[in-house]
Structures are given as C-alpha cells and as structure tokens.
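Q: Chain by chain, the residues:
2 protein chains.
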Amino acid sequence: MNQKIGIGLLGLGTVGAGVANIVNSPEGRNPLVSNIRIARIAVRDLNRVRSIKVDPSIITNDPFEVVKDPNVEVVVEAIGGIEPAKSLIMLAINHGKSVVTANKAVVARYGKEISDAANAAGVYVLIEAAVGGGIPIIEPLKQSLGGNKIKKVTGIINGTTNYILTEMAKGEAKYEDVLNEAKKLGYAEADPSADVNGDDAADKIAILSGLAFGGGIDREAIPTKGINNLESKDINYSRQLGYEVKLLAVAEYIEKKAQENNLHSLALRVEPTLLPKDHPLSAVNGVNNAILIEGDPIGEVMFYGPGAGAGPTASAVVADILNIVGIKLMQKEEGACLDPLLSSISWRNCILANTRDISQKNYIRLITADNPGVIGKIGNILGKNQVSIESIVQFDSNNAKAEIIVITHKVSKGKINDSLAEIENMKEVLNVASHLGCL
Amino acid sequence: MNQKIGIGLLGLGTVGAGVANIVNSPEGRNPLVSNIRIARIAVRDLNRVRSIKVDPSIITNDPFEVVKDPNVEVVVEAIGGIEPAKSLIMLAINHGKSVVTANKAVVARYGKEISDAANAAGVYVLIEAAVGGGIPIIEPLKQSLGGNKIKKVTGIINGTTNYILTEMAKGEAKYEDVLNEAKKLGYAEADPSADVNGDDAADKIAILSGLAFGGGIDREAIPTKGINNLESKDINYSRQLGYEVKLLAVAEYIEKKAQENNLHSLALRVEPTLLPKDHPLSAVNGVNNAILIEGDPIGEVMFYGPGAGAGPTASAVVADILNIVGIKLMQKEEGACLDPLLSSISWRNCILANTRDISQKNYIRLITADNPGVIGKIGNILGKNQVSIESIVQFDSNNAKAEIIVITHKVSKGKINDSLAEIENMKEVLNVASHLGCL
Chain A
1 MNQKIGIGLL GLGTVGAGVA NIVNSPEGRN PLVSNIRIAR IAVRDLNRVR
51 SIKVDPSIIT NDPFEVVKDP NVEVVVEAIG GIEPAKSLIM LAINHGKSVV
101 TANKAVVARY GKEISDAANA AGVYVLIEAA VGGGIPIIEP LKQSLGGNKI
151 KKVTGIINGT TNYILTEMAK GEAKYEDVLN EAKKLGYAEA DPSADVNGDD
201 AADKIAILSG LAFGGGIDRE AIPTKGINNL ESKDINYSRQ LGYEVKLLAV
251 AEYIEKKAQE NNLHSLALRV EPTLLPKDHP LSAVNGVNNA ILIEGDPIGE
301 VMFYGPGAGA GPTASAVVAD ILNIVGIKLM QKEEGACLDP LLSSISWRNC
351 ILANTRDISQ KNYIRLITAD NPGVIGKIGN ILGKNQVSIE SIVQFDSNNA
401 KAEIIVITHK VSKGKINDSL AEIENMKEVL NVASHLGCL
Chain B
1 MNQKIGIGLL GLGTVGAGVA NIVNSPEGRN PLVSNIRIAR IAVRDLNRVR
51 SIKVDPSIIT NDPFEVVKDP NVEVVVEAIG GIEPAKSLIM LAINHGKSVV
101 TANKAVVARY GKEISDAANA AGVYVLIEAA VGGGIPIIEP LKQSLGGNKI
151 KKVTGIINGT TNYILTEMAK GEAKYEDVLN EAKKLGYAEA DPSADVNGDD
201 AADKIAILSG LAFGGGIDRE AIPTKGINNL ESKDINYSRQ LGYEVKLLAV
251 AEYIEKKAQE NNLHSLALRV EPTLLPKDHP LSAVNGVNNA ILIEGDPIGE
301 VMFYGPGAGA GPTASAVVAD ILNIVGIKLM QKEEGACLDP LLSSISWRNC
351 ILANTRDISQ KNYIRLITAD NPGVIGKIGN ILGKNQVSIE SIVQFDSNNA
401 KAEIIVITHK VSKGKINDSL AEIENMKEVL NVASHLGCL
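Keeping their order, the protein sequence lines are chains A and B. Going by this note's numbering, the first sequence opens with residue 1, and the numbers climb by one from there. Going by this note's numbering, the second sequence opens with residue 1, and the numbers climb by one from there.
Calculated from the structure, these hints are not laboratory results. Careful, some of the hints might be misleading.
No copy labels: a pair is met if it fits in one copy or bridges any two.
EDC-like, lysine to aspartate or glutamate: derived pairs with alpha carbons at most 16 angstroms apart [said to hold, decoys possible]: (1) K151 with E255; (2) K257 with E27; (3) K377 with E422; (4) K332 with E73.
Work out the full structure: start from the sequences and follow the hints.
A: Given below as structure tokens:
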C-alpha cells in the first residue's frame with residue numbers, strides 16, 4: 001500500500017499547519033498517514049513567513065484552483081466562516097472530491113444541502129473536527145453507537161465559555177474581568193460574541209442532534225442563552241448547594257408525532273445549567289469539552305478531551321482523511337480487499353520494557369519503631385537511591401510503633417525497589433506494609 | 001439498501017440475547033440495523049426457556065454448523081472462554097467469514113495468529129466489545145486517533161474491581177466483605193479470580209497496547225498485581241492525602257531501541273494505583289470503566305461508560321457488525337459506491353419540540369422583602385402550577401431584603417415560566433434575579 005492520495009489544503013492557519021505537521025512526520029502514527037500526500041495548498045498571503053516547511057511550488061492564493069487541481073483527491077477546508085468556505089465545499093463535491101471540514105457554522109446551516117449533494121456525487125463530507133475539537137464524537141454517533149436508540153446528548157462543547165465559568169467558580173471574579181483575561185491567554189477571540197452568547201454551542205448541538213436522531217432541525221430556532229448575563233453570585237450560591245454551573249447544550253428525543261407526517265420531536269437548548277457535583281460533566285473544567293450520550297441499550301457513555309486548539313483539531317481532521325484514504329485504497333486494490341482502517345494490522349515490533357524501567361510516583365506505608373530518627377534515615381536511603389520525596393507523614397503511633405506514609409515523586413521501579421530492600425533492612429522498620437503505584 | 005446480511009450468533013446468553021434484541025427492534029436505531037438478519041443461532045441447551053423470541057428453525061446446539069452455514073456471512077462469537085471459541089473463530093476465517101467477538105482472553109493470547117489468518121483470508125475480526133464494554137475504544141484507537149503518536153494508555157478496565165474499590169473507599173469495609181456483596185449483586189462472578197488478581201485487566205491492556213502502539217507483546221509477561229491483597233487502611237490513608245486508589249492498567253511507549261532490530265519498547269503494568277483527586281480517572285466509580293489516552297498532537301482524551309453488562313456489550317458488538325455490513329453493502333452496490341456508515345444520511349423527519357415542553361430542574365434566585373410569609377406564598381404559586389420543589393433556601397438578608405434560592409424538581413419550561421410570571425407579580429418580590437436550568 002504505497003499509493004499516495006493527494007489532499008488539497010484550503011488554509012494554512014493553525015488547523016492547516018497542524019494537519020501538514022502530522023502528514024510530514026508519519027513515523028509512529030497509523031501507517032496510513034504515509035499514504036497521504038499534500039498536493040496543493042491555498043493561503044491568503046503568499047508572502048507570509050510560515051512556521052512549517054512546505055514546497056513553495058504547491059502554494060497558491062486561489063483556493064478554487066486547489067479544489068479544481070486534478071492532483072487533489074480530497075479537499076480539506078480549513079478556512080472557516082460561511083463564504084467562500086461553503087462555495088468551495090460545494091465546488092469540491094461537484095468535482096467528485098470528498099471533503100473534510102471543521103466548519104461548524106457551514107455544516108449547522110447548510111448540512112442538508114451539502115450532504116444531499118455529496119450523496120448524489122458519491123463523495124464524503126466528514127466533519128469530526130466540527131464538534132469537540134479532537135474528541136472523537138462524530139464517528140461514535142455515526143458508527144460505534146449505531147445499534148442504539150439515542151435518547152439524549154448533553155455537551156459542554158464550547159471551550160471559551162467553560163474556561164470563563166471555571167475561573168468564575170474559583171472566586172468572586174466578574175464575568176467581564178475573566179473574559180478579558182481569557183482574551184489575553186488566547187482562550188477567547190477578540191470578538192467572543194458567538195462563544196459567549198451560545199451561538200457556537202448551538203451550531204454544534206445542531207450537528208450532534210442531526211447525527212444522534214437521524215434528521216436535521218431548524219438551526220435558528222434552537223432556544224439559546226449564553227453566559228454573558230450570568231452573575232458570579234449565582235455560581236457561588238450554586239456551589240454552596242452542591243452544584244456547578246456549565247453552559248450546556250442539550251438535545252433530547254421527546255416523542256414521535258404519529259399524526260403529523262411521522263415527525264420526530266426533539267428538545268434542544270443551549271443555556272447555563274446547574275449540574276450536581278457528582279454528575280460526570282461537572283468536573284469538566286477549563287477549555288476542555290465533554291459530551292455525554294444516553295442510549296438504549298448502552299446506558300450513559302462520555303467522551304472528554306481538548307475542545308479546541310491546533311493539535312486536537314488537526315488530529316480530528318486527519319482521522320477523517322484516514323477514513324477516506326482507507327476506503328480509496330480498498331477500492332483501488334484488486335483481489336481480497338479490506339478497509340485497512342478496520343482490518344487488524346501489526347505495523348511495528350514491540351517488546352515489553354524492563355519492569356525496573358517503569359516510572360511512576362509511589363505510595364509506601366511502613367510500620368516502624370516510634371523513634372524520632374526514623375524519618376531521617378528513610379529519607380537518607382531514598383536520597384541515596386535518587387528517589388525524590390513528595391511527602392512523608394507519620395500517621396499513627398501506639399505501642400511504640402508508628403505508621404509512616406511516603407509519597408515519592410516519579411521514579412523508576414528499579415530505584416524504588418532497591419530503596420525498599422534497604423529500608424526493610426533498617427532495624428527500626430518492622431515491615432513495608434504497602435507499596436502502591438501513584439499517578 | 002434493503003439487502004440483508006446474514007449473521008450467525010454463537011451463544012444466546014446475555015450478550016447474544018442483547019444483540020438479538022437490537023436486531024429485532026431496528027426502529028430508532030441506525031437504519032443499517034435493518035440490514036442485519038439473524039440467520040442462525042447456536043445454543044448449548046436447545047430446551048432452555050428464553051426471554052427473547054427466536055425462530056426455532058434457526059437454532060442448533062452445534063456451533064460449527066452455524067459457522068459453516070452458507071446463509072451466515074458474519075459470525076458473532078459470544079461464547080467466551082478459550083475453547084471452542086478460538087477454533088470457531090479460526091474456522092469462520094477459513095470459511096471467508098468476518099467475525100465479531102467480545103472474547104478478550106482469546107484475542108489477548110492469539111491476536112496475531114487470528115489477525116494474520118483474517119488478513120490472508122480478506123475478512124475482518126472486530127473486537128469493540130472486548131475492552132470497556134459499550135465504550136467505543138477499539139475504533140478510536142484504530143481510526144479516530146490514527147493521526148496521533150500515542151504515548152500512553154491508562155485505563156480502569158475492570159468493573160468488578162472498580163466496584164469493590166469504590167465500596168471500600170466509602171468506609172472501613174474489608175475486601176472480603178465487599179467481594180461477597182458484589183457477588184450477591186451480580187457485579188462479581190462466582191469465581192472472581194481473573195478479575196481480582198488483575199488477569200482480566202491484563203488481557204485488556206494487552207489488546208489496547210497492540211492497537212495503540214502497532215504491535216503485540218507477550219501477554220503473559222505483563223507485570224500484574226490485583227486488589228486481592230489490598231487493605232482498606234491504605235485506601236483510607238490515600239484519601240486523607242488527597243488520592244483515590246484504582247486498579248489501573250497502563251501501557252506506555254518508552255523508546256525505540258534502534259540497535260535491536262528496530263524494536264519499540266513499551267512499559268505495561270496492572271496494579272492498584274493512587275490517583276490525585278483532580279485526575280480525570282479518579283471520579284470513575286462503581287462498575288464503570290474509563291480509558292485515558294495521551295497522544296501527539298491531541299493531548300489527553302478520555303472515554304467513559306459502562307464497562308460490562310448485556311446492553312453495553314451488545315451495543316459494541318452491533319457497532320462492529322454495522323461496520324462490516326456497511327462495507328459489504330458498499331461493495332455489493334454498483335455505480336457510485338459509498339460506505340453508508342461514513343456518508344451523511346438523514347433518515348427521519350425531525351422538528352424542534354415546543355420550548356414550553358422542555359423539562360428539567362430549575363435554579364431560581366429571587367430578591368424579596370424580608371418577610372416570613374414570602375416563602376409560603378412562593379410555595380403556593382409553584383404548587384398551583386404543578387411545580388414540585390426540591391429546596392427553598394433563604395441565603396442572605398439585609399436592608400429588609402432577602403435572597404431566596406429555589407431548586408425545583410424536573411418540570412416543563414412552560415409551567416416554570418407561568419409560575420415565575422406570577423411570582424414576579426407578588427408585591428413582596430422585588431425581582432427574579434436569576435433563572436437557570438439544573439440537571
């Protein structure tokens with residue numbers, strides 16, 4: 001399988017450059033990555049200095065040229081915004097080319113038009129990066145959870161607002177102050193309105209709802225409330241009552257309206273919502289995203305990870321490219337033809353590392369004589385074996401015996417085992433009662 | 001696409017019956033489910049009374065007959081154990097049939113032999129249900145995360161031990177007592193040794209490691225320590241220090257050993273491990289499973305859900321069947337041929353529910369006169385509108401004003417909005433300062 005599939009990159013910003021970085025360093029990734037070739041790239045400014053190395057002969061400032069280039073078999077749209085992104089996607093489809101896009105605004109508004117055109121042309125439009133950054137969520141809804149009747153999708157799917165809410169929950173900080181801090185840190189855009197007023201989350205829940213429930217709805221009609229009017233006071237009261245406040249996007253299957261044309265009724269909303277502290281979504285903090293899916297018969301399953309950023313988004317875009325590359329290679333091959341992404345392949349030679357080389361923190365409980373010099377001696381042995389200590393606590397002492405808990409910094413099993421052998425031989429140590437790993 | 005693909009079920013226990021339940025009730029699931037036909041079923045006891053209805057003419061007590069049946073295109077192995085499961089899987093492959101299995105013991109030990117045979121025969125052996133029950137984890141490692149260099153896989157992948165540890169963490173309960181309780185509740189098997197000594201988790205991390213790092217390792221050499229010698233005392237001390245104790249299975253990429261035949265060195269281990277309370281895996285309780293994956297460039301992504309049980313396992317088995325069915329239909333169709341699982345399809349007509357019909361709990365903050373009759377009046381209005389109250393708390397009062405927080409039980413937005421309109425009109429209520437949803 002050394003056939004290369006040519007992709008055309010529209011945009012070489014953070015997402016486009018992230019994709020190019022993956023394609024240019026295939027080692028250690030799925031071997032299919034080496035079947036991807038960047039055939040053409042469209043940029044806005046030909047003269048801009050780039051952090052990544054690309055062959056200047058494949059760069060153009062006309063994205064339509066990339067779409068039409070016969071060397072381009074798959075178009076990766078990484079421009080964003082409605083136009084010209086939508087026209088470029090439609091042009092690619094009309095040229096019989098599959099498309100990979102992270103463009104939630106286009107997909108949420110023109111999903112049906114795009115997918116009708118793609119199905120008619122026999123091409124794919126894949127959108128894993130449009131929701132949840134790098135978190136695999138589109139694919140699970142389309143494939144891995146396909147046996148389920150999905151009942152409800154509940155998501156924290158906007159990183160900017162989740163960062164703001166997390167910071168507000170830490171103290172009395174006001175919304176405006178935290179927003180300004182988020183802008184400085186790059187977690188909020190210069191114009192954050194689509195994030196903070198809930199529109200971005202509404203785009204994304206419209207997309208998830210379409211996949212979960214099998215049919216699109218009117219994007220503009222989704223009841224949407226942002227965090228821009230939320231007071232710190234309510235976050236603090238909520239916490240005192242045992243709740244966290246998150247901007248949730250929810251899509252829920254209500255009922256089938258048999259009388260009206262076989263319509264299926266869905267409740268969607270985006271709004272700041274309290275979650276009990278033991279709810280799986282309540283611990284999702286900072287710019288992270290998470291999506292909880294309830295289905296029959298699976299029950300509840302949650303997907304959690306970085307909701308934005310160059311690396312995670314590029315990871316999702318490349319996943320989509322790999323799906324298309326896998327199928328293209330399968331269809332091009334003669335004889336026994338397997339989708340290389342689904343078949344079982346072993347692509348490198350692995351061995352187990354020596355157990356002594358496994359590194360982690362350690363928890364150690366020692367039973368010792370109740371003697372003021374003991375902790376010092378233990379510390380000396382650990383130090384001699386290059387084991388750095390996070391804490392030593394004497395927990396309990398009676399009958400002239402003491403229990404000492406040591407938590408170490410990260411260290412190899414070899415060094416910790418050597419240390420424990422020495423510690424066990426100390427006359428003040430009765431025994432090493434426990435030794436557990438620690439993350 | 002009304003071609004049906006015939007599957008043969010080996011076993012009609014909890015998993016097999018779960019699969020049959022999904023196939024027999026396709027409505028509301030991915031439309032491809034209706035392309036699955038149960039062609040043949042093997043059971044141990046032909047006379048046993050079953051909870052599900054199956055055509056008696058397709059049942060046999062000879063599983064080899066099912067594998068060889070020409071109507072069976074895909075074999076679903078749901079027998080468990082090493083033999084005859086392994087022989088049946090190999091026979092299916094030799095008959096050119098794809099296999100779906102949840103059998104982690106067979107896959108962890110004979111994965112290479114099986115996948116070599118499958119690749120040679122041009123068939124798939126899919127194993128989503130072998131790790132993490134219903135949680136999509138095999139597919140993400142094979143496809144969705146394919147653009148990443150995976151660095152580390154950290155999993156809570158044995159539900160029985162996680163249940164026991166969760167119970168032990170609640171108090172001073174001893175390991176043996178909790179284990180006996182778990183057996184009564186069906187969370188532990190009569191012979192729980194493979195679970196509690198870590199062998200089941202070692203099987204599973206061997207499988208995940210092979211997918212994450214591209215090559216198998218020697219299953220029997222994985223350093224494995226169970227929870228059977230763990231003392232409650234260490235769990236309690238750990239909690240006092242800010243840690244939870246979990247049975248972790250870890251696989252970590254260490255280095256490429258250039259000098260030795262291009263070998264890649266992996267550190268694997270299964271052992272009880274402390275996790276800081278803010279670690280994403282520390283909140284995974286009861287029989288749930290979760291797998292945290294660290295990769296470049298994605299960062300950290302976590303998959304969480306039910307690690308066992310008929311429904312979740314059947315969900316994963318059907319996901320695998322759908323992948324195979326999708327490809328079979330794609331290959332059978334003429335002309336423009338799209339993998340129906342990857343292409344965008346809208347398969348039912350959806351509309352947004354009336355916003356008034358969306359139901360959830362509510363958090364309401366009212367500014368009121370500091371008057372002892374106010375809470376009663378508010379309660380009356382809510383009661384009249386059929387809004388049930390979870391709690392009413394008066395938080396703060398000064399300058400003759402009070403702040404009252406109401407948390408309601410689940411109720412429609414229509415009823416809560418009607419109530420708030422009335423409450424706003426009370427002469428004692430200065431304003432409704434906040435109204436948030438609550439899960």
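Q: Does each hint hold? Answer for all of them.
A: Verification of the hints:
In this homomeric assembly, K151 and E255 come within 16 angstroms of each other (Cα to Cα) only inside a single copy, at 10 angstroms, whereas the closest approach across copies is 44 angstroms. In the homo-oligomer, the alpha carbons of K257 and E27 lie at most 16 angstroms apart only across protomers (15 angstroms), although the nearest pairing inside one protomer, at 53 angstroms, exceeds that limit. Taking the shortest Cα distances, K377 and E422 sit within 16 angstroms of each other inside one copy (11 angstroms), while across copies they are farther apart (72 angstroms). In the homo-oligomer, the alpha carbons of K332 and E73 lie at most 16 angstroms apart inside one protomer (13 angstroms), although the nearest pairing across protomers, at 23 angstroms, exceeds that limit.
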